[in-house]
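Single-letter residue listing:
2 protein chains.
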Amino acid sequence: MTFKEQLDSMFNPRSVALIGASNTLGKWGFNILALLLGDKSRDIYAVNNREAEVLGLKAYPSILDVPGPVDLAVITVPFKDVPSAMEDCIRKQVKGVVVISGGLAETGEEGAKVQAQIVEVAKRGGIPFVGPNCMGLFDTYSNFNTVIFLPPLRRGPVGLISQSGNSGQSIIISGLESGLGFSKYVSSGNEAALHFEDYLEYLAQDDEIKVILGYIEGLREGRRFLELAREITKKKPIVVVKAGGTQAGAKAARSHTAALAGSDIVSDAAFKQAGVIRVEEIGELIDVALLLLGQPLPKGKRVGVLSIGGGMAVMTADTVARHGLELPPLSPATIDKLNSVLSRRWSHGNPVDIGGDRFNYDCLWPLIEDENVDVVLVIGSPAATRSFVGWFSLHAPWVTNLDEMGKLMESKDLVELNRVKEMMGRYDKPVIFCSMGIGIVKQGEVYSLMEQNHLIPYPTPERAARALSHVVRYSGYLGISR
Amino acid sequence: MTFKEQLDSMFNPRSVALIGASNTLGKWGFNILALLLGDKSRDIYAVNNREAEVLGLKAYPSILDVPGPVDLAVITVPFKDVPSAMEDCIRKQVKGVVVISGGLAETGEEGAKVQAQIVEVAKRGGIPFVGPNCMGLFDTYSNFNTVIFLPPLRRGPVGLISQSGNSGQSIIISGLESGLGFSKYVSSGNEAALHFEDYLEYLAQDDEIKVILGYIEGLREGRRFLELAREITKKKPIVVVKAGGTQAGAKAARSHTAALAGSDIVSDAAFKQAGVIRVEEIGELIDVALLLLGQPLPKGKRVGVLSIGGGMAVMTADTVARHGLELPPLSPATIDKLNSVLSRRWSHGNPVDIGGDRFNYDCLWPLIEDENVDVVLVIGSPAATRSFVGWFSLHAPWVTNLDEMGKLMESKDLVELNRVKEMMGRYDKPVIFCSMGIGIVKQGEVYSLMEQNHLIPYPTPERAARALSHVVRYSGYLGISR
Chain A
26 MTFKEQLDSM FNPRSVALIG ASNTLGKWGF NILALLLGDK SRDIYAVNNR
76 EAEVLGLKAY PSILDVPGPV DLAVITVPFK DVPSAMEDCI RKQVKGVVVI
126 SGGLAETGEE GAKVQAQIVE VAKRGGIPFV GPNCMGLFDT YSNFNTVIFL
176 PPLRRGPVGL ISQSGNSGQS IIISGLESGL GFSKYVSSGN EAALHFEDYL
226 EYLAQDDEIK VILGYIEGLR EGRRFLELAR EITKKKPIVV VKAGGTQAGA
276 KAARSHTAAL AGSDIVSDAA FKQAGVIRVE EIGELIDVAL LLLGQPLPKG
326 KRVGVLSIGG GMAVMTADTV ARHGLELPPL SPATIDKLNS VLSRRWSHGN
376 PVDIGGDRFN YDCLWPLIED ENVDVVLVIG SPAATRSFVG WFSLHAPWVT
426 NLDEMGKLME SKDLVELNRV KEMMGRYDKP VIFCSMGIGI VKQGEVYSLM
476 EQNHLIPYPT PERAARALSH VVRYSGYLGI SR
Chain B
26 MTFKEQLDSM FNPRSVALIG ASNTLGKWGF NILALLLGDK SRDIYAVNNR
76 EAEVLGLKAY PSILDVPGPV DLAVITVPFK DVPSAMEDCI RKQVKGVVVI
126 SGGLAETGEE GAKVQAQIVE VAKRGGIPFV GPNCMGLFDT YSNFNTVIFL
176 PPLRRGPVGL ISQSGNSGQS IIISGLESGL GFSKYVSSGN EAALHFEDYL
226 EYLAQDDEIK VILGYIEGLR EGRRFLELAR EITKKKPIVV VKAGGTQAGA
276 KAARSHTAAL AGSDIVSDAA FKQAGVIRVE EIGELIDVAL LLLGQPLPKG
326 KRVGVLSIGG GMAVMTADTV ARHGLELPPL SPATIDKLNS VLSRRWSHGN
376 PVDIGGDRFN YDCLWPLIED ENVDVVLVIG SPAATRSFVG WFSLHAPWVT
426 NLDEMGKLME SKDLVELNRV KEMMGRYDKP VIFCSMGIGI VKQGEVYSLM
476 EQNHLIPYPT PERAARALSH VVRYSGYLGI SR
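Protein chains in written order, with the numbering used here: chain A, 26 to 507; chain B, 26 to 507.
Hints are computed from structural coordinates only; laboratory data are not their basis. Please note that a few of the clues may not be correct.
Any copy, or any two copies together, can satisfy a pair, since identical chains are not distinguished.
Within a straight-line C-alpha distance of at most 25 Å, the following computed DSS-like cross-link-like pairs (lysine-lysine) qualify [stated by the list, open to error]: (1) K235 x K446; (2) K276 x K362; (3) K432 x K52; (4) K259 x K235; (5) K276 x K138.
Please model the complete structure; the sequences and the hints are all you need to start from.
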C-alpha cells in the first residue's frame, strides 16, 4: 500500500472498530460510537472486554475477535492500555489507527514512555496512526466522521489540519457559520507517528480541496513543511494560525500537545518565503479563507470603497490605511459616471459615500471598471433588503403591497448579484461586501446566492481589510499583485 | 427654560410636528412619520403644503397652522427650505428642533451658506437644534424615537452620541445583538448648533445612564470636551471611536460631517489624560461597554485563564500577552485545590487547561479566590449546555432521558451562574466568559441570565483580551488597578 492509499483508507474505511466502546453517555467511547452508528454504509464493530453489548451492538472482547476485516481502528481506552490495543490492531492487520486517548506525552514523563511504546509497536507493524490525544478526522465526500460535538457538516473546498481538537472545532463551527464547506479534517493531536507534514502532503493531492487551513503549535519537520509549502502554495493557498507566538503562549503549548519537544521553530520570515499566510486568530483564518475562495486574487492594493453611509466610509478609510492598503483617487471617467447616477451630494472622491439608506448597484459598476482600483470594498449589502422590508412591516403594516415590494426588490437583487459575479469575472477583480445599517437577515435567495459564492458580507470593514491585506501579500508572492 | 429642560423636551416632547411629512414610501418624511404614528401617547402633526392628508393624518400647510402647542419640530424638507421652516418654528415657539435634512455644510460652499442661515435664525429665536444632516434621537424611557431602520429597542444603561447616523445604527444594532440596552441616543450630524459637548453634559446628568458611548469625527469644543470628560469619567466611563485617525480617514471625514471645519484636534494623549477610553472600531466599543457594565473594575492586569481545551488555552495566552496583560503563576493553594478537582492530566499552570469537553465550575472558584489573579478569563461557557444536549438529540435520539438531562444540566448551570455573580461581588473581581467548542445557543434561561448581567460570552479570546486591556487602563486611571 502506498502512503496515499493508507491515508485514503483512514478517511474512507469500509469497516471500523471502536476499541473502548462504552455504554456511558458522555464518554468518548459512547459519543463516537453514537456518531458511527448513524453511518449505515460501513461495518461498525464495538470492542469492549467487560460488556456483552454496547449501544445495542454485540461487543467483542478484543479487535481480534471481530469476524470480518477492519480497515480502521479508533482507540479510546485509558492511555496505559493503548500499547496492547495497538498490538492487537497489528495482529488484526488493520490499515490505520486513530488514537483518541490522551494523557500521553503532553502530561509528562510517564505518559511519554507509554507514547514511545505505542510508536514502537506501530512502527514494527508498519501501521500509520493519527494522534494520540486527538479528536480524529472526517471526510465529507466519503461521509466518514469520528469528530464529536460538531454541527451538521457542509461539503466544500476547505481542508483543515489542527494540532488542537478544540481549536479545530472552533475553526469548523466559525467556518460553517460563515458559509464555508469542508472536505477533509484531521485533528492531529500529539503527532507521535503521522505529522502535520504528512497530512499537508496528502491534502495537497486532493482535487476537492482548494484552500488548506491549519492550526499549528509546533512543527516536527519544519524543513519538510517549508519545502512542501513552497510547492503547494503555487497552486493552493495555505493559511495557518501559528499559536504559541508569545512567551506565555509557547509555555502553554508545551503543556498542551507537547509541541516543542523535538519540534522545529519556523520563523515568520520562513512562512512568508514559502508563501504561507500566517494569521493570529481563528476569525482571521475564516475571513482569509472566504476571500481566497470567493474572490479573484487582487492585482494590487488600491481599494475603491463604496459606502452607503459617511461614518462607515471614514472608519473604512481608517482601517484600509492601517492595514497598509491604499485609497487611490478615482479616475475622471468614474467621477463622471457617478455624477450621472448620484445626486450632487455624494462625496466626489474615494470612499464613494452615496449618503443614501440602501445599497445602490449603479454606483458599483463604475468602480469595478476603474483602472485605478484593484479591489472594490462595499459597505452595504444586497442581503439587507429583507430587514429593510421587515422594518416597514413592523412600523407601517398598513402599507398594502409590502410583500410584493420585498419580492420585487429581492428579485432585482438576485439579478444584480449575478451581474456582480459576472463583472468580477470579466474584470478579474475582487468585490467584497461588508454588512451595516439595519442588519443582515441570513435567509432568502439573495443570502443563499452570496453564501454559495463565498460572498457573504464581512461583519465589519476592519475584518475585511485585515483579511484583504493578507491576500494582497499572497497575490504579490505569486507575482499577480504589483 | 434651563438648558436641561430644553433638551428634556426634545427627548420627551408632548407634541411633535413633522415638517416635510410625505406619502411616498422610502422618503424620510414617510418613514419617520410611520414611526411616530406608532406613538399613541403624543400629539403628532404632519406638515406638508401640497397635500391635504399624509398617512391618514390631516396635513397642515405650515407648522403655524397646527392648532395646539408643539414641543418638538422634526424637519425633513429639502435643505434650501430649512431656513424658512426654522423661521416658522420660532414663530410657533417650539421648544426644540431636529433637522434631519442633509446637503448642508458637508457638501461645500452653497450648503454651508444655507447652514449659516439656519444657525442665525435659530440663535435669534433662542431655540436649540439637533443636526442638520442627522437621523434624530431616541429615549427608551420616555418611549420617544425618530430614528428609522432600527430593530426593536431595549432599555438599558447605555447613552450614545454619534456624529454619524449610520455608525450610530451599527453601534446600536451590534449592541442590541450583544444584549446591551440603550437609554438615550442622539445622532448629532453636522452639529451646527448643539455640539457633542452639549449632549455629553446632558447624558452625564442622566441617572439611568451608566456608560456613555460616542462616535466622533471632530470636536467643535475640544477643550470643553476634555474638561467635561475629566469630571464625568470619575463616575461614568466614556468610550469613543475617534474616526479619521489616519490621513485617508481624515480626508473622508472632511467630506462627511464637515467635521474638521472649525473643529479642535484632540490628541490620543489628551483623551487618556481625561480618562476617556478610545477604541478603533465598533465591535471594540461594544466589547468594552459590556465589560464596564457586567464586571467590577479589575484591580490589576494579572489574568487567570481557565480553558476547556488546550489549543484555545495557547491562543488565549498569546492574545493576553499581546494586549499587555499578564499570566501570573497560580498560588500553591490554587494548585492544591485544582488537584483535588481535576484528574492528574491538567496543565498544572496558568492557563488552567482542564482538557475536558464541558465547562467545569469547580475549577472556577479557586481561580476567583486566588490572590495572584486580578481577572478570571474563562474559555468555555455555561450557555453551551443546550448545544451539547442538542448534539446528542441528533446523534443519539434513542437515549430516553435527554430532555430531562438537559433540564437538569441547565438548572445546575443557573445555580452555578448565580454563584459566579455572588463570587464576583464578594471578591470584587471580573469573571469573563468566551464561547468556543460546540457553539452557543442564544436561548434559554441560562443565556438570558448571562445577557441580563452583561455576562454573555465573547466570541473570541482576542476580543475579550482587547477589551480587557482598555478597562485595565481605565481602572489604573481611577487608581483602582495597581
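Treating 25 Å as the Cα threshold, decide for K235 and K446: within, between, both or neither.
Result: close within a single copy only, 19 Å intra versus 47 Å inter.
Pop the pair K259 and K235 into one bin, within, between, both or neither, using alpha-carbon distances up to 25 Å.
within (12 Å within a copy, 54 Å between copies)
K276 and K138: within-copy, between-copy, both or neither at 25 Å Cα:
Within one copy only: 22 Å inside a chain, 64 Å across chains, cut-off 25 Å.
Checking an output row: K432 and K52, CA cutoff 25 Å. Within, between, both or neither?
between (49 Å within a copy, 20 Å between copies)
Under a CA distance limit of 25 Å, which applies to K276 and K362: within one copy, between copies, both, or neither?
Answer is between; shortest inter-copy Cα gap is 22 Å, intra-copy 57 Å.
In this structure, every one of the numbered hints holds.
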